[in-house]
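Protein chains: 2
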Amino acid sequence: MANIPVKKSAHPFDKTRFEALLNRRFFYAPAFEIYGGVAGLYDYGPPGSSLQANIIAEWRKHFIVEDHMLEIDSTIMTPAPVFETSGHVARFADWMVKDTKTGDVLRADHLVKGVLEARLAGDREVRGLVAQLQKEDEKKKKKKVAKTTAVQLPDDAVDEYEAILAQLDNYSGPELGDLCRKHDIRNPDTDNQVSEPQQFNLMFTSSIGPTGQHPGYLRPETAQGHFLNFSRLLEFNNGRVPFASAQIGRSFRNEISPRAGLLRVREFTMAEIEHYVDPEDKRHERFDEVRDVVLDLLDRDVQTSGSTKTRKISVGEAVTSGVIANQTLGYFVARIYQFLVKIGIDPSRLRFRQHMSNEMAHYATDCWDAEIQNSYGWTECVGCADRAAYDLTVHSNKTGHPLVVRQALKEPIVTERLVAEFNKKVLGKTFGKDAGVIQNVFAELDESRLLEIQIELANGGSTIVTTPDGRDLTLTREAITIERKTFKQSIREFTPNVIEPSFGLGRILYVLLEHNFWAREQDIERGVLSLPPLVAPTKVLIVPLSAKEEFDPLIQEVSSKLRKAGIFSRVDDSNTSIGKRYARNDELGTPFGVTLDFASVQNRTMTLRERDTTGQLIGDIDQVISVLIDLVNGTTDWADACKLLPAYDGIQAVD
Amino acid sequence: MANIPVKKSAHPFDKTRFEALLNRRFFYAPAFEIYGGVAGLYDYGPPGSSLQANIIAEWRKHFIVEDHMLEIDSTIMTPAPVFETSGHVARFADWMVKDTKTGDVLRADHLVKGVLEARLAGDREVRGLVAQLQKEDEKKKKKKVAKTTAVQLPDDAVDEYEAILAQLDNYSGPELGDLCRKHDIRNPDTDNQVSEPQQFNLMFTSSIGPTGQHPGYLRPETAQGHFLNFSRLLEFNNGRVPFASAQIGRSFRNEISPRAGLLRVREFTMAEIEHYVDPEDKRHERFDEVRDVVLDLLDRDVQTSGSTKTRKISVGEAVTSGVIANQTLGYFVARIYQFLVKIGIDPSRLRFRQHMSNEMAHYATDCWDAEIQNSYGWTECVGCADRAAYDLTVHSNKTGHPLVVRQALKEPIVTERLVAEFNKKVLGKTFGKDAGVIQNVFAELDESRLLEIQIELANGGSTIVTTPDGRDLTLTREAITIERKTFKQSIREFTPNVIEPSFGLGRILYVLLEHNFWAREQDIERGVLSLPPLVAPTKVLIVPLSAKEEFDPLIQEVSSKLRKAGIFSRVDDSNTSIGKRYARNDELGTPFGVTLDFASVQNRTMTLRERDTTGQLIGDIDQVISVLIDLVNGTTDWADACKLLPAYDGIQAVD
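For the record, the sequence lines run as chains A and B. FYI, the numbering for the first sequence is 1 to 655, going by this note's numbering. FYI, the numbering for the second sequence is 1 to 655, going by this note's numbering.
Fair warning: there could be bad hints in the mix.
If chains are identical, the list can't say which one is meant, so a pair holds when it fits in one copy or spans any two.
[As the list claims (entries may be wrong)] Calculated pairs, BS3-like style, for lysine-lysine (alpha carbon to alpha carbon, straight line, at most 30 Å):
(1) K564 - K342
(2) K564 - K61
(3) K548 - K282
(4) K61 - K548
Simulated from the structure, these hints should not be mistaken for lab results.
Start from the sequences, fold in the hints, and give me the full structure.
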């Protein structure tokens with residue numbers, strides 16, 4: 001219903017024009033630009049901020065409100081012991097290599113990827129050229145081919161490179177070093193060889209307090225803030241699992257050499273969910289609602305076989321067949337899919353890729369990334385990991401604070417077993433300080449040994465036990481009896497497992513912009529951003545014919561009526577033609593525009609324009625506002641609007 | 001209309017109970033608590049996060065949407081040169097003293113304040129005791145007084161201490177050192193003397209990139225991110241001023257020894273507005289809308305005279321009489337007042353205090369703080385400063401990037417003045433490389449000297465000029481003529497001034513909680529938080545009689561109907577009495593509750609309860625929902641709701 005038919009242009013995606021638009025209209029820009037900028041740091045301007053705020057608002061609705069999650073807001077600055085325990089100090093690192101002559105630093109896996117991809121592209125170029133020239137004579141062919149700098153690769157090298165790239169994330173640092181040597185991979189900027197890969201920790205460091213004694217890190221993810229508050233959250237949820245906490249906030253990673261715009265940055269806004277679940281029951285009560293959602297999956301086995309071919313499969317089937325480990329993981333994968341498509345991601349360019357074994361974070365037992373295709377390739381935008389009990393266990397062990405669920409059992413578990421009962425008085429008198437030693441020895445004995453002792457005591461009246469330091473002590477039945485006893489357990493205590501969907505909002509924002517960018521046939525210089533009304537920075541543009549004061553009361557009226565309906569509009573009364581003002585707002589992704597002219601003042605009519613079709617309708621001001629509210633809220637679409645209001649012939653608004 | 005009559009208890013504010021409530025219901029808690037915590041770092045739990053999100057949402061509406069501000073989102077991590085230019089590296093510091101024996105670090109002004117306030121409190125105690133015991137005999141009196149550790153001060157010491165406290169923010173570091181010596185102020189924890197005050201920079205440091213070559217700071221305010229983007233923002237606004245940018249985000253200050261809960265923290269969320277205005281015209285077009293707002297003002301002169309007595313005055317009068325420097329500053333002060341009162345701050349405990357000259361930040365020319373009274377005293381929660389052209393000027397000077405407004409003049413400014421015209425050929429031939437020197441000399445001459453030369457040339461045909469290195473050169477009228485010329489200036493270029501309202505959201509959140517906390521006469525152990533529905537974390541509590549499945553369809557229906565109206569509800573189906581569940585939600589500030597019981601299932605009726613009065617009404621489910629929506633949106637109040645729905649006698653819901 002809410003989908004407006006998007007008329008994407010026939011032109012291929014033009015990255016230069018796209019980036020020029022984002023920069024010109026200040027969606028975002030390099031931070032500290034007038035100081036020369038800093039790689040990997042970006043500021044969002046007004047349209048970028050609004051787009052981000054709208055994505056966040058929809059995320060809150062789709063996840064937090066819909067599933068009654070507990071939202072928290074924890075600090076970024078974190079004392080070092082927390083990340084020592086979580087494993088980040090030891091393992092949250094990338095492999096970097098240095099140019100052996102200039103000392104320039106490069107990320108090892110990115111270097112391998114870049115060089116091999118370039119070689120494959122060159123190979124394709126030469127092979128294409130050769131095929132194309134097949135019919136021309138041999139001399140000419142050689143000449144033309146010789147002109148390109150590209151090199152044709154042996155067939156087996158092509159296969160090898162493709163296999164390496166398919167499992168690139170699976171290599172360790174030393175393996176990346178081997179690849180560089182074996183395939184003579186050099187720094188492409190200088191053609192110099194590179195050093196052996198070294199680990200570089202990605203956390204920004206700082207220190208807390210005036211004395212400099214307390215080292216701290218800026219969090220690289222929001223997750224630890226959830227885990228440390230687990231006991232309080234559980235109590236807030238009346239002691240019950242499953243439940244989820246959610247947090248939206250800034251995180252930091254000191255990337256080695258960020259070069260891919262918003263896709264690899266040093267400071268970014270994340271949205272993370274930690275869903276706590278009984279490790280013995282990972283079903284999800286709303287799984288039926290998503291069972292039939294069909295996804296493009298790229299599982300672990302396919303990748304390790306050297307392929308990147310996805311298959312379409314329903315979430316229900318994926319969980320049943322064990323491709324996705326459990327219902328809760330499947331539920332979130334499907335909900336992630338629904339969210340991304342709702343805000344405007346092209347579903348045909350969205351896949352879920354399973355992590356390979358070496359690639360997985362140190363805490364995860366299974367992990368699926370939502371990867372979205374864009375001009376940089378396939379980019380991870382959401383991770384969805386089953387972290388098992390890792391985090392809660394390590395923090396609990398370190399601090400001594402129990403991070404567990406205590407659950408009253410509906411039916412107590414009754415067990416019978418043999419236990420040793422001591423006559424402490426006799427034991428103390430006979431053995432003195434060895435009494436404790438004896439009790440410890442018995443606590444370690446298993447059922448069959450206890451049975452033997454029981455028989456010995458019944459038969460001979462005594463038994464012999466060996467202490468840890470090798471002394472044999474004789475106990476009589478005055479000191480000890482072995483009896484069968486009944487035990488009733490009415491509380492079950494367990495560390496919950498954690499399913500973690502984790503969203504990189506900046507990445508999602510960037511690919512969303514790419515997926516919705518196009519240009520009209522007749523005006524290829526200017527772009528259009530066909531953002532869904534749900535996330536568009538401005539929903540409605542109000543265009544008075546001119547900045548004359550006579551339009552002011554109507555502008556006030558329309559914008560105030562829209563505001564009351566919760567719709568954010570902007571007025572553009574700048575001194576250019578209406579057409580130019582609309583074109584400018586097509587670039588900002590504003591889905592609807594209304595024009596106020598002399599007819600509006602005289603007859604209270606207003607025209608309504610739709611961004612993608614540029615179709616225009618006309619009607620009474622209040623009637624147009626009412627249609628507009630339905631369009632923005634997604635309760636009607638443009639086709640229906642065209643039935644409600646007459647088309648506008650366009651004569652009136654020309655200026 | 002929207003105000004629900006709040007029945008505050010007769011009991012005085014009980015801080016212990018208040019803090020216990022905030023902790024128990026997880027409004028917020030010390031971050032990393034299970035690791036022993038870190039002073040000045042707090043995590044917000046679910047109700048605290050929601051309250052914060054609601055305050056931010058209202059802030060966006062009240063400021064950004066209402067005044068069409070341009071929202072941005074800039075980075076926290078900032079390269080050092082930015083804060084070197086802004087002056088923060090040199091001057092964003094507090095004075096600290098060290099305990100001369102233990103080395104403990106204390107903030108100097110807080111030490112002076114704490115010790116003098118304690119002495120004054122002790123003095124009042126003794127004087128009160130003496131007055132009370134006036135009629136008892138002399139021996140008893142002495143005995144009783146001797147029991148207290150408090151000391152009575154000489155009358156002139158009381159006056160002196162009070163004068164010091166009134167202008168505490170005005171002292172420099174060395175002056176604070178003098179005060180410590182003169183009044184024997186020691187570390188109250190150890191009774192040791194303290195060192196001379198030293199400066200401690202409050203910015204957290206880090207370093208950007210893998211080589212460690214790029215020092216960075218975590219921003220202590222969001223403002224610089226606005227200023228560095230000024231040119232882009234101006235262009236986005238079609239080159240026009242006034243306009244404002246706005247940003248909500250995290251900032252960091254490495255406080256010396258934070259001890260006042262949420263009021264002094266090392267990491268906090270701010271909301272900042274930078275309003276750019278023509279320095280020659282600081283009127284505000286919407287000033288008339290706030291002219292009659294009456295404020296409690298505490299101006300600079302009153303404070304330097306040693307008093308803290310405020311006066312009530314309208315914003316219009318304050319601007320007219322020059323107490324507040326200009327309309328734009330006045331407009332924002334009034335808008336800040338309106339915002340704070342709207343979200344639930346008690347207006348009788350809100351004052352605006354002007355900064356004294358030494359206290360003002362290095363960039364400001366005038367500054368007013370919104371101070372709110374709470375159990376820690378009067379706390380700055382919003383600052384509203386006129387930063388003049390300081391920031392844009394220093395960044396522009398440093399980077400060479402012009403941060404100016406270029407304005408087409410409606411009427412060009414026409415001026416006439418004498419100018420020297422050179423015959424470059426003759427000049428070059430005669431003077432060689434001195435030709436340039438001569439032109440520079442003439443460029444510096446004033447109108448009257450040029451007139452003299454004009455006469456000399458007319459009379460004698462030549463004139464003599466002296467070069468900067470003392471040589472006299474003779475110029476003839478072949479080389480130079482002095483003429484009167486007309487100049488037309490059609491563009492005016494200027495650096496705008498900046499008015500900056502800056503909000504500490506955590507402080508506002510804390511005092512808001514204090515102002516709305518009370519306890520019922522009959523149940524002093526449990527608190528009530530009378531938060532306005534506008535900001536209350538949860539608007540409606542849905543209470544089914546029990547967790548039985550038969551209530552599920554109705555729960556779903558009510559919560560889904562409320563959600564469609566944009567109202568956030570929560571279900572409490574825990575296994576306790578309805579009364580206890582309501583009491584628990586009074587502590588969370590939930591303004592309304594509805595109960596679903598067997599009558600609901602049979603007759604579709606539902607009861608509605610109001611938090612502050614505990615009054616209950618009953619009606620058809622849809623009718624109750626409709627009233628509820630109006631109550632939450634503030635379009636009706638409880639008194640009116642009582643006219644629409646019959647009172648509920650309370651028999652039905654008892655369980």
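Verification of the hints:
1. K564 - K342: Both ways: K564 and K342 sit 25 Å apart in one copy and 18 Å across, limit 30 Å.
2. K564 - K61: both (20 Å within a copy, 11 Å between copies)
3. K548 - K282: between (64 Å within a copy, 24 Å between copies)
4. K61 - K548: Close across copies (27 Å), not inside one copy (41 Å); limit 30 Å.
When held up to the earlier numbered hints, the structure conflicts with none and fits them all.
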